[in-house]
Amino acid sequence: MTVLVAAVVCGVLALVAGVVFARSAVVVPGTAAAGSGAVLVALVPPALPGVVLAAGILAALVGLAPAWVRREEALAAVRSVAAPADVGRWLGRWRVDRAFAAFLVLAFPAVATAAAVAFHTWATSR
Amino acid sequence: MTTPPDLRAGAAAAFGSPLRSASARLGEVLLERRLVEPELLESALRQHRRVGTPLGTVLLAREAITRRDLYSALADVWQSELVYVDPQDIDPALPPRFDPALLAEQGWVPLRVETGEDGRTTAVVAASGRPCDQVEEHVRAVLGVDAVRQFVTTDWDVHRALRVAWRNQLIESAVNSLRERSPELSASRVVTRPQVLVLLLLLAATVAGLLLWPSATVLVLVAALNVAFAGSVFAKLLIGLAGIASEDVPREPESAGERIPDEDLPMYTILVPAYKEASVVSTLMHNLATLDYPREKLEILLLLEEDDPETFEAALAAAPPEIVRVLVLPDSTPKTKPRACNIGLAFAQGELVVIFDAEDRPDPDQLRKAVAAFRDGGDDLVCVQAALNYFNADENLLTRMFTLEYSAWFDNTLPGLDRLGLPIPLGGTSNHFRVEPLRELGGWDPYNVTEDADLGIRSAARGGRVAVIRSTTFEEANVAVGNWIRQRSRWIKGYMQTCLVHTRNPVRLVRTIGVWKSLGFLLLIGGTPLSFLAGPPLWALFLVSLFFPSVLGGLPEWVQVVALVNLAVGNAAVVFFHLLAVFARGNYRLAPFALLAPLYWVLHSVASYKALWQLVSKPFYWEKTTHGLSTHVHATPAVAIPQQRVGEQ
Numbered sequence: 001m002t003v004l005v006a007a008v009v010c011g012v013l014a015l016v017a018g019v020v021f022a023r024s025a026v027v028v029p030g031t032a033a034a035g036s037g038a039v040l041v042a043l044v045p046p047a048l049p050g051v052v053l054a055a056g057i058l059a060a061l062v063g064l065a066p067a068w069v070r071r072e073e074a075l076a077a078v079r080s081v082a083a084p085a086d087v088g089r090w091l092g093r094w095r096v097d098r099a100f101a102a103f104l105v106l107a108f109p110a111v112a113t114a115a116a117v118a119f120h121t122w123a124t125s126r
Numbered sequence: 001m002t003t004p005p006d007l008r009a010g011a012a013a014a015f016g017s018p019l020r021s022a023s024a025r026l027g028e029v030l031l032e033r034r035l036v037e038p039e040l041l042e043s044a045l046r047q048h049r050r051v052g053t054p055l056g057t058v059l060l061a062r063e064a065i066t067r068r069d070l071y072s073a074l075a076d077v078w079q080s081e082l083v084y085v086d087p088q089d090i091d092p093a094l095p096p097r098f099d100p101a102l103l104a105e106q107g108w109v110p111l112r113v114e115t116g117e118d119g120r121t122t123a124v125v126a127a128s129g130r131p132c133d134q135v136e137e138h139v140r141a142v143l144g145v146d147a148v149r150q151f152v153t154t155d156w157d158v159h160r161a162l163r164v165a166w167r168n169q170l171i172e173s174a175v176n177s178l179r180e181r182s183p184e185l186s187a188s189r190v191v192t193r194p195q196v197l198v199l200l201l202l203l204a205a206t207v208a209g210l211l212l213w214p215s216a217t218v219l220v221l222v223a224a225l226n227v228a229f230a231g232s233v234f235a236k237l238l239i240g241l242a243g244i245a246s247e248d249v250p251r252e253p254e255s256a257g258e259r260i261p262d263e264d265l266p267m268y269t270i271l272v273p274a275y276k277e278a279s280v281v282s283t284l285m286h287n288l289a290t291l292d293y294p295r296e297k298l299e300i301l302l303l304l305e306e307d308d309p310e311t312f313e314a315a316l317a318a319a320p321p322e323i324v325r326v327l328v329l330p331d332s333t334p335k336t337k338p339r340a341c342n343i344g345l346a347f348a349q350g351e352l353v354v355i356f357d358a359e360d361r362p363d364p365d366q367l368r369k370a371v372a373a374f375r376d377g378g379d380d381l382v383c384v385q386a387a388l389n390y391f392n393a394d395e396n397l398l399t400r401m402f403t404l405e406y407s408a409w410f411d412n413t414l415p416g417l418d419r420l421g422l423p424i425p426l427g428g429t430s431n432h433f434r435v436e437p438l439r440e441l442g443g444w445d446p447y448n449v450t451e452d453a454d455l456g457i458r459s460a461a462r463g464g465r466v467a468v469i470r471s472t473t474f475e476e477a478n479v480a481v482g483n484w485i486r487q488r489s490r491w492i493k494g495y496m497q498t499c500l501v502h503t504r505n506p507v508r509l510v511r512t513i514g515v516w517k518s519l520g521f522l523l524l525i526g527g528t529p530l531s532f533l534a535g536p537p538l539w540a541l542f543l544v545s546l547f548f549p550s551v552l553g554g555l556p557e558w559v560q561v562v563a564l565v566n567l568a569v570g571n572a573a574v575v576f577f578h579l580l581a582v583f584a585r586g587n588y589r590l591a592p593f594a595l596l597a598p599l600y601w602v603l604h605s606v607a608s609y610k611a612l613w614q615l616v617s618k619p620f621y622w623e624k625t626t627h628g629l630s631t632h633v634h635a636t637p638a639v640a641i642p643q644q645r646v647g648e649q
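Going line by line, the protein sequences match chains P and U. Per our numbering, the first sequence starts with residue 1, numbered consecutively. Per our numbering, the second sequence starts with residue 1, numbered consecutively.
Rather than coming from a laboratory, the hints here were simulated on the basis of the structure. It should be emphasised that the depicted structure is a prediction, and the values quoted were computed from it without experimental measurement. By construction, the Cβ of each residue, glycine as well, lies at the ideal position given by its N, Cα and C atoms. Some hints could be false.
What follows is a set of in silico ranges between Cβ atoms, one per label pair, in the way DEER data are often shown [as the list claims (entries may be wrong)]:
#, chain 1, residue 1, chain 2, residue 2, range
1, U, 595, P, 53, 18 to 24 Å
2, U, 245, P, 67, 18 to 24 Å
3, U, 421, P, 94, 38 to 44 Å
4, U, 602, P, 122, 35 to 41 Å
5, U, 216, P, 64, 55 to 61 Å
If we take Cβ atoms under 8 Å as the criterion, some of the chain P residues that face chain U in the derived model are [unchecked claim]:
#, residue
6, 27
7, 28
8, 75
9, 97
10, 100
11, 116
12, 121
13, 122
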């Protein structure tokens with residue numbers, strides 16, 4: 001029961017933080033979302049496909065959100081980095097590279113956790 | 001040529017009222033000698049009033065006049081004579097009696113002592129400043145002469161005389177100053193006797209244990225290694241998370257209102273040590289020309305080595321402007337970058353000093369940001385570090401990995417250290433210092449091959465603070481694996497040196513910087529080489545456990561759990577922080593390569609074993625990184641700055 005409650009809390013936290021990450025263009029909630037997703041998978045390994053799917057949807061939002069465009073423009077002005085390039089753009093505003101990077105950030109900890117748990121299970125059951 | 005009256009008045013104001021009667025004549029003399037046109041003088045006077053630097057400096061920065069012509073006019077103004085100083089003519093008995101650092105700072109050199117027919121002794125001095133009582137008193141005090149005659153010479157003549165006639169003292173000071181002042185903080189001695197004793201005891205205990213109780217000894221070794229590794233992983237995780245929490249993304253470009261007025265900017269010295277950099281030294285001039293700083297307040301010291309005529313010729317061929325001074329350093333060992341910087345520091349005239357490498361492309365506003373950081377940072381702020389990144393990130397897989405690593409380090413780890421109040425190991429370039437505290441610290445340790453990391457810790461031990469600024473210098477990422485390993489083995493060797501130096505007396509370390517900072521130092525500076533070295537044996541154990549589980553069946557479960565956590569969390573954390581690093585600069589295209597970070601780690605382990613071997617065999621050897629290999633080096637820099645931004649009107 002405790003595990004289930006903890007898993008639900010992690011799932012909700014991951015979703016909320018993920019949405020904030022996508023809409024606000026701040027990395028901190030992205031880290032929180034990724035961490036929560038990883039804990040959720042550690043608690044309930046079968047949740048992995050759901051976490052990966054959610055990460056994909058949130059990443060698609062990151063690829064579109066105007067806040068990320070503003071962030072890149074501000075970075076380009078302050079840090080002398082190249083202004084947002086056309087490379088990676090698709091369907092107007094959507095940036096494939098940004099969305100894929102966001103997907104990796106959100107999904108990687110959960111996938112790595114699932115792999116570690118699976119390895120541990122296999123190693124101890126040999 | 002007729003001198004307009006308003007220009008006469010302007011020239012009179014050029015040096016301020018206290019010296020009005022003498023200095024007022026500079027503009028007039030220059031006009032009388034037809035060395036400048038009235039319009040040019042008028043413009044220079046406006047700039048002099050706006051920026052607050054002497055009229056002569058403005059004219060030199062604009063390359064409107066030669067040094068010799070300027071000093072000839074100044075000699076006239078100061079009612080003295082201009083002399084040419086040949087270093088060979090300096091009485092060899094004099095250099096040992098005068099401190100070259102003081103002479104460089106005050107801009108004069110003693111030439112000889114003359115004895116008159118009446119037996120009175122007179123010291124002859126050449127100075128690049130107005131003849132003054134301060135110099136006379138000093139010379140009288142040191143030499144006990146009856147009189148002092150002061151001539152005028154150019155500042156370059158003074159520096160050349162110092163480099164030649166004070167050669168031995170300069171070398172001695174640059175190489176041995178820290179070793180003599182604070183031997184316990186110098187890496188000139190790799191390990192102390194107590195450290196050797198501890199290492200021998202550990203080795204003897206291990207060998208004895210392996211002979212007498214092999215299973216238990218292996219268990220203790222594996223457990224100790226894993227616990228230490230776990231500590232390093234935990235520290236990096238904590239620092240990385242703190243770095244993420246301190247994310248500071250601008251919402252809009254900084255407003256022009258925050259710009260510090262030119263008259264409030266201090267004199268800035270840029271040190272550019274360059275050895276065997278003939279291929280990139282010409283681009284340096286272009287890169288530094290883009291800096292948004294008044295040229296009149298910039299001094300660029302290009303530090304070249306005596307045995308490197310190619311770079312010297314390339315530097316001359318690049319026709320450096322007047323604000324660039326080429327200093328050919330006397331040859332000596334150890335031939336390291338910190339040794340060159342120490343000599344450069346002796347000649348630095350600025351209040352602030354920064355180091356750039358020859359291939360560096362600093363953000364144009366970096367100096368101004370550093371000034372603002374020092375202005376707002378309090379007196380204990382000794383150094384500010386700008387971020388480093390690479391301009392050739394997409395050249396090959398290695399440069400992509402290197403860029404990811406640097407982004408994670410400078411955009412995440414260093415801000416994390418800053419936020420946690422831990423000592424910040426400085427990066428190799430783009431560290432900006434207040435000159436006086438830096439001199440008080442003893443400059444850089446020429447025996448430490450990561451002198452920057454060491455200086456950050458030494459600064460913390462003296463109560464000084466290091467901070468990071470939101471500005472970037474773009475460098476050339478290594479494009480070749482061999483070159484990368486050479487560079488990385490030097491860095492890891494330097495971390496080993498730094499760790500050994502500052503753990504000579506652990507109690508003193510804790511007393512000076514506190515428990516928290518000491519722990520951070522040990523886990524970061526000590527933990528980094530340790531984790532690289534520990535990698536291969538731990539991977540071997542992992543493979544053994546995978547294919548021959550019975551061999552390691554005797555390991556307690558907690559050790560196996562710690563090992564698994566190290567493997568999983570350590571690698572996942574490295575990948576994750578590399579992934580996040582792409583968001584700091586919008587380099588999203590590099591994200592997939594972050595998944596290869598564990599393989600990149602293998603290269604670090606290779607470099608770490610080379611570093612360990614060199615720590616024993618060639619501790620002070622400076623593994624030279626070859627620059628100019630990138631196809632991007634000779635490309636036009638990405639940032640084009642309007643002429644106005646270099647401080648000219």
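(request) Would you pick out the hints that fail for this structure and give their numbers low to high? (result) 4, 12 and 13
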